[in-house]
Amino acid sequence: GQNIDQPTEMTATEGAIVQINCTYQTSGFNGLFWYQQHAGEAPTFLSYNVLDGLEEKGRFSSFLSRSKGYSYLLLKELQMKDSASYLCAVRDGDYKLSFGAGTTVTVRA
Amino acid sequence: IAGITQAPTSQILAAGRRMTLRCTQDMRHNAMYWYRQDLGLGLRLIHYSNTAGTTGKGEVPDGYSVSRANTDDFPLTLASAVPSQTSVYFCASSRQGSTDTQYFGPGTRLTVL
Numbered sequence: 003g004q005n006i007d008q009p010t011e012m013t014a015t016e017g018a019i020v021q022i023n024c025t026y027q028t029s030g031f032n033g034l035f036w037y038q039q040h041a042g043e044a045p046t047f048l049s050y051n052v053l054d055g056l057e058e059k060g061r062f063s064s065f066l067s068r069s070k071g072y073s074y075l076l077l078k079e080l081q082m083k084d085s086a087s088y089l090c091a092v093r094d095g096d097y098k099l100s101f102g103a104g105t106t107v108t109v110r111a
Numbered sequence: 356i357a358g359i360t361q362a363p364t365s366q367i368l369a370a371g372r373r374m375t376l377r378c379t380q381d382m383r384h385n386a387m388y389w390y391r392q393d394l395g396l397g398l399r400l401i402h403y404s405n406t407a408g409t410t411g412k413g414e415v416p417d418g419y420s421v422s423r424a425n426t427d428d429f430p431l432t433l434a435s436a437v438p439s440q441t442s443v444y445f446c447a448s449s450r451q452g453s454t455d456t457q458y459f460g461p462g463t464r465l466t467v468l
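Just so you know, the protein sequences line up as chains V and F, in that order.
Just so we're aligned, residue 3 is where the first sequence starts under my numbering, counting upward by one.
Just so we're aligned, residue 356 is where the second sequence starts under my numbering, counting upward by one.
For the record, the hints were derived by calculation from the structure and aren't laboratory data.
Bear in mind the structure is a predicted one, so any value in this text is a computation, not a measurement.
Among these hints, one or two may not hold up.
[Claimed, not checked] Calculated lysine to any residue pairs in the SDA-like style (CA-CA distance at most 25 Å, straight line): (1) LYS412/F - GLY371/F; (2) LYS78/V - THR28/V; (3) LYS98/V - VAL443/F; (4) LYS412/F - MET374/F; (5) LYS98/V - THR410/F; (6) LYS98/V - GLY371/F; (7) LYS98/V - ALA407/F; (8) LYS83/V - ILE19/V; (9) LYS412/F - TYR97/V; (10) LYS98/V - THR432/F; (11) LYS98/V - SER49/V; (12) LYS98/V - GLN366/F.
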């Protein structure tokens, strides 16, 4: 099976920056996704990386290093509404999508 | 409607009963998926369909069946529910199948007693 690891929980202060790391070991690689999931709601798509480097989208950025099997999601200028779970998902060589268990981010005032 | 809808929102079910979770999308997406989400385990794929008329097994298919009679609907059936099927179930769809981003429905919270 696939192995996708991310921290269980992180806490940060409003206005700060938080970096959520994701490491993966999969049979082949065809892209990495980040989803945001508020409690009791559906996951919503945040970002997609298939090539090495940084993808920036407003306050959120996602980085990928395929050789290291590593990605991170960077959340800048944290707001209370950013309190949520963040899911890392990797598409393997057979184009199957596997999810990590998610990182719960709590933003404090 | 716009996007993906699921019904019911939540359900409490006696073990041994049959249950069908409904999923409908109006985006004309070709591919649809069923996941279950359990605390600490993340989302796990149950079944998928790359196009109407075809289905495939995911990571945890036992105890579940699906059908894809048309593009819009992808029901998930539990033939004889067991307590280990207590979970939150999410339906998702993507435009062209496994190469595209998946978009999720609001989920069904199922409790089997």
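For each hint, the structure was consulted:
no. : hint                : in the structure
1   : LYS412/F - GLY371/F : holds (22 Å)
2   : LYS78/V - THR28/V   : violated (29 Å)
3   : LYS98/V - VAL443/F  : holds (21 Å)
4   : LYS412/F - MET374/F : holds (19 Å)
5   : LYS98/V - THR410/F  : holds (14 Å)
6   : LYS98/V - GLY371/F  : violated (31 Å)
7   : LYS98/V - ALA407/F  : holds (19 Å)
8   : LYS83/V - ILE19/V   : holds (14 Å)
9   : LYS412/F - TYR97/V  : holds (14 Å)
10  : LYS98/V - THR432/F  : holds (22 Å)
11  : LYS98/V - SER49/V   : holds (17 Å)
12  : LYS98/V - GLN366/F  : violated (29 Å)
When each numbered hint is compared with the structure, violations occur for hints 2, 6 and 12.
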